[in-house]
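A.B. asks: Chains as they are written, first to last, in this note's numbering: chain G, 1 to 296; chain V, 1001 to 1325; chain S, 2001 to 2321.
Bear in mind the hints are in silico, worked out from the structure with no lab data behind them. Note that CB positions come from ideal geometry on N, CA and C, so glycine has one too. Heads up, some of the hints might be wrong.
Unchecked claim - Covered stretches of chain V (chain S as the covering partner; in silico rule of three or more C-beta atoms under 8 Å from a C-beta of chain S):
no.: 1; segment: 1219-1228
no.: 2; segment: 1234-1243
no.: 3; segment: 1313-1321
What the hints assert, rightly or not - Partial list, computed: chain G residues near chain V (C-beta under 10 Å):
no.: 4; residue: S245
no.: 5; residue: L269
no.: 6; residue: F271
Said to hold, decoys possible - Here are the simulated distance ranges between beta carbons:
no.: 7; chain 1: S; residue 1: A2143; chain 2: V; residue 2: R1321; range: 14 to 24 Å
no.: 8; chain 1: S; residue 1: E2152; chain 2: V; residue 2: T1252; range: 17 to 27 Å
no.: 9; chain 1: S; residue 1: E2152; chain 2: G; residue 2: A103; range: 43 to 53 Å
no.: 10; chain 1: G; residue 1: V29; chain 2: V; residue 2: F1147; range: 35 to 45 Å
no.: 11; chain 1: G; residue 1: Q56; chain 2: V; residue 2: A1273; range: 28 to 38 Å
no.: 12; chain 1: V; residue 1: D1159; chain 2: G; residue 2: P50; range: 37 to 47 Å
no.: 13; chain 1: V; residue 1: T1252; chain 2: G; residue 2: S117; range: 22 to 32 Å
Next come the chains, spelled out residue by residue.
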Amino acid sequence: MSSAPITAPAAVPRRRRRARRLLSQPLAVVGLAIAVGWLLVAIFAPLLAPYDPLAQDFPLTQAPSREHLFGTDELGRDVLSRVIYGSRLSLPLALLLVVLATALGSLLGAIAGYFRSWVDPLVMRTTDLVFAFPAIILAMVVTASLGPNIRNAVLAIVIVAWPTYARVVRGLVLSLGDAEFVQASRLLGSSSRRTLMHDVLPNLAGPVVVLATLDLANAILLLAGLSFLGLGAQPPDPEWGSMVSVGTQYFQYWWMGTFPGLAIFSAVLAFNFLGDSLRDRLDPRGVSRGKHQGVA
Amino acid sequence: MVLAIGITFVAFVLTQLVPGDPALSALGPVTSADPEAVAAYHAHWGMDKPLPVQYLTYLGNLLQGDLGVSQLSHQPVLTDLQHAIPATMELAFLSIAFAIAVGVPLGVIAAVRQNRASDHALRVVSLAGISMPTFWLALLALYVFFFRLDWFPGGGRLDPGTTPPDQITGLYSVDALLHGQWSLAWDAFHHLILPALVLAAFNVSLITRYTRSAILEVINDDYVRAARAKGLPEHTVVVRHVLRAALPSVVTVIGLVFANVLTGAVLVENIFAWPGIGQYAYQASLELDLPAIMGVSLFVAVVYVTVNFVVDVLYGVIDPRLRLS
Amino acid sequence: MTLLAVDELRVRVATDDEPLQIVDGVSYEVGEGRIFGIAGESGSGKTVSVLALMGLLPRGASVTGAARFEGDDLVSMTPARLRQVCGREIGLVFQDPLTSFHPMLSVGRQLTEHLRHHYGATRADARGRALALLDEVRIPDPATAFERYPHEFSGGMRQRIAIAGALMCEPRLLIADEPTTALDVTVQAGILRLIDRLRRDRALSVILITHDLGVMSALADDLAIFYGGRIVEDGPADELLAQPRHPYTRALLDALPHPESARGEPLRGIPGPPAQPGSLPSGCVFHPRCAYAVESCRTEVPELRRLGDRGLACPVDPFAP
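Pulled out of the complex, with its shape left as it was, chain G reads as follows (with noise of 0.2 Å):
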């Protein structure tokens, strides 16, 4: 007997059976609730921190207390509302870096694959020269050339993050025009446009937004990673990262690095959590898997 797998009528329309069991998952739950959360806290940050993040004015390195709930820096700043302030920053400069990233990525990895010629061989050399790089040391020195600040971080992450969706989606591309439903419509006279709209982009669009999210995650580590040596955001900005990196100068005072690096770390799981849960529904074959990265 055939392995074909054993299919049976369904009883509830697809879409809704579809919406029921990704909210049944767990982990997309917790995920979207902790990105939701960071969402408000950094919209309504002038209205949750309990005072100005910039403000000098406490005690220094204050334990946490009641008046601050997670203590003051070295120069008597309240590390509660430099967290949340913090949200400011990290949070829409990562979903800005990934837009970017792949928004070229993608076309760029369209072009190569559904034009082919000379622009394919191009963009694969110059993907593979980057994946050659860890991320981190491709960032640092593209930001110091440039001079360190948190627009050249973006600037920098966005070029070590661009060649992954290239990869993937020229590969998603280069299957689906061997795809026969694809050689089938243009067979029945759709033309290139019309092929490239209703057949090809459908089909990116699954895997290309579980990389977004997944690559959101990333996008937020290597930001604060950056902020963490130098070379992103500087001071006083309260940026997660560089929060970090003072607080490990000051590492008796633990306060003052532990709370923005849980900031960091709830970030990302949640960004984590969400793609991973959204992999399975969104992107069964695993095409996104691509080249993972870590910041070290």
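Knowing the structure of chain G, use the given hints to seat chains V and S on it.
C.D. replies: Same frame as chain G, now just chains V and S:
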């Protein structure tokens, strides 16, 4: 190979973007006042010639083992690398060994118990592992194990004031052992543990996840069922049949992770004051020490090519279908 | 003497929606030294029923009924005991000789591992036995073949090696699931002759699963026709194939092209798709496609009635002699 050259080319281009005369910073304030010395420097690196020639000159010097002089240390870059590379290697080897020893079995367990409680638990744990900022973990580790418990030293490769063993491999623990200096070997190893573990945290999670998916990909293959039909015990089926079939994918991941650790452990090295490649690259970046940056790029290229080569060789060993008859 | 007696075997598989009844009350007996053929289309449950005997179904499957092999019931056996029986007393040959071998282990390794596990044979002893068997299945140069890898052989050779592997522990029963389907026609005859010869040399019992009635007629002593997870007809193979009584069996035979048929005569297929688990018709599973169905065929599930040494699950019995 082409890639390696490409890397050096890109690095070269990047360094050209930086304004200023590198000769001035390479030679230091005193020597660069001497026009002849500056001219000699320019000539050596072909800087009065057009860019492509400069690049070729650089390559030429490279092949002779001359990577230029670091602006920071005022030593030949090659020498700097000879000190920095073994430091990172020592860290990388221990970290990877740990990551493989823990990650692969966990991945197997997660795959074999797919969708059961242990699989879900491992999934959450490994997602947490890759979400943790390395520098934060390092900070916590230092705080708990160094500051509070005093179980481990707080950084550096040896206790301050200790002389490193005479260099054979450059790996302090190994060299000390080879010289029979037991307490020195222990000191070196003691300093290795905490950074290696922190570095491993991320990689264990990565290896677990990739091993799990590699195994799931083959676990329903027909030959697994055939092995069970022979009445073989489950552990034999899993290890000899399933794991071996998944091995090529696992080896690929380990190769990637190894290359990544070897070349990119910047944050850990920074926090633990570990004088390895990561730290070297960081300081080179800060000072825009061009020869040093180029040297690091070269190292990255070499690692990349070597790891790919080793992985290909391993593929041939594991999978007889890939061997040339 | 009966070697294997299957009694009301049922296999149900859990899916995302409804559970599927893949095998629905199958009973048969395999005699010593006899070749028992199981014929049917895909989806009829023939492969799943034997996988159930050996405990090789995925986790969501539940098996009820009994299968007495040499006195012990395979269905209710402990997994440990079942693992002993499999490979040692029952050998299994799969359909696709390419995918049922591990690509990275040598032929010799795959031939000897279960012998060494079940009997603790030494490597040298196991190798000796493997070489003897390779010779018996007519693999040239067994010593070299032993060191080679599966991908280095042709499909027919691989199947011969697979048969050798199944016989390593001297089992009493060999189960061959579509052993020739993945092979070229020219190679098929050789494999069938091999199975027959081995059976005679060893007094081996064989369960032969195939959809190819031509193969059945060549080899099988007894035959059971599967459809929709049930047996619709069984009996001695020669008799059954010469005088089929179930409409399905007859339609199957009629569908075979005959060399004597007139030119231009259309091939006679069976109208409608084969029944699939999960969407089985009510009553007799074959009734939507049956030319002889009556009203009761739609509502009542026919029992497998014993008529002498034949079994028939058709109350209409249009071809009764």
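A.B. asks: Is the hinted range of 22 to 32 Å satisfied by the C-beta distance from V/T1252 to G/S117?
C.D. replies: Roughly 30 Å apart at Cβ, these two residues keep to the hinted range, so it holds.
A.B. asks: How does the coverage statement for the segment 1219-1228 of chain V fare against chain S, requiring three or more residues with Cβ below 8 Å from a Cβ of that chain?
C.D. replies: With 7 residues close enough to chain S, the hint holds.
A.B. asks: For the hint 28 to 38 Å, verify it against the beta carbon of G/Q56 and that of V/A1273.
C.D. replies: Since G/Q56 and V/A1273 have Cβ atoms about 29 Å apart, the given range 28 to 38 Å holds.
A.B. asks: When you take the CB atoms of S/A2143 and V/R1321, is the distance between them in 14 to 24 Å?
C.D. replies: With a Cβ separation near 22 Å, S/A2143 and V/R1321 satisfy 14 to 24 Å, so the hint holds.
A.B. asks: Given the hint of 17 to 27 Å, is the C-beta distance from S/E2152 to V/T1252 inside that range or not?
C.D. replies: With a Cβ separation near 25 Å, S/E2152 and V/T1252 satisfy 17 to 27 Å, so the hint holds.
A.B. asks: If you look at each residue in the segment 1234-1243 of chain V, do at least three have a Cβ nearer than 8 Å to any Cβ of chain S?
C.D. replies: holds (count 3)
A.B. asks: Is the distance from the Cβ of G/V29 to the Cβ of V/F1147 consistent with 35 to 45 Å?
C.D. replies: Roughly 37 Å apart at Cβ, these two residues keep to the hinted range, so it holds.
A.B. asks: Closer than 8 Å, Cβ to Cβ, for at least three residues: run that test on the segment 1313-1321 of chain V against chain S and report holds or violated.
C.D. replies: As far as the segment 1313-1321 of chain V goes, the hint holds, because 4 residues have Cβ atoms under 8 Å from chain S.
A.B. asks: Interface hint check: G/F271, Cβ to nearest Cβ on chain V, cutoff 10 Å. Holds or violated?
C.D. replies: holds, 8 Å
A.B. asks: Please test the hint of 43 to 53 Å on the beta carbon pair from S/E2152 and G/A103.
C.D. replies: Given about 49 Å between the Cβ atoms, the range holds.
A.B. asks: Using Cβ atoms only, decide whether G/L269 comes closer than 10 Å to chain V, and label the hint accordingly.
C.D. replies: Holds, because the Cβ-Cβ distance from G/L269 to chain V comes to roughly 4 Å (cut-off 10 Å).
A.B. asks: Using the beta carbons of V/D1159 and G/P50, state whether their distance is inside 37 to 47 Å or not.
C.D. replies: Between V/D1159 and G/P50, where Cβ atoms are some 44 Å apart, the hint holds.
In terms of the numbered hints stated before, the structure departs from none.
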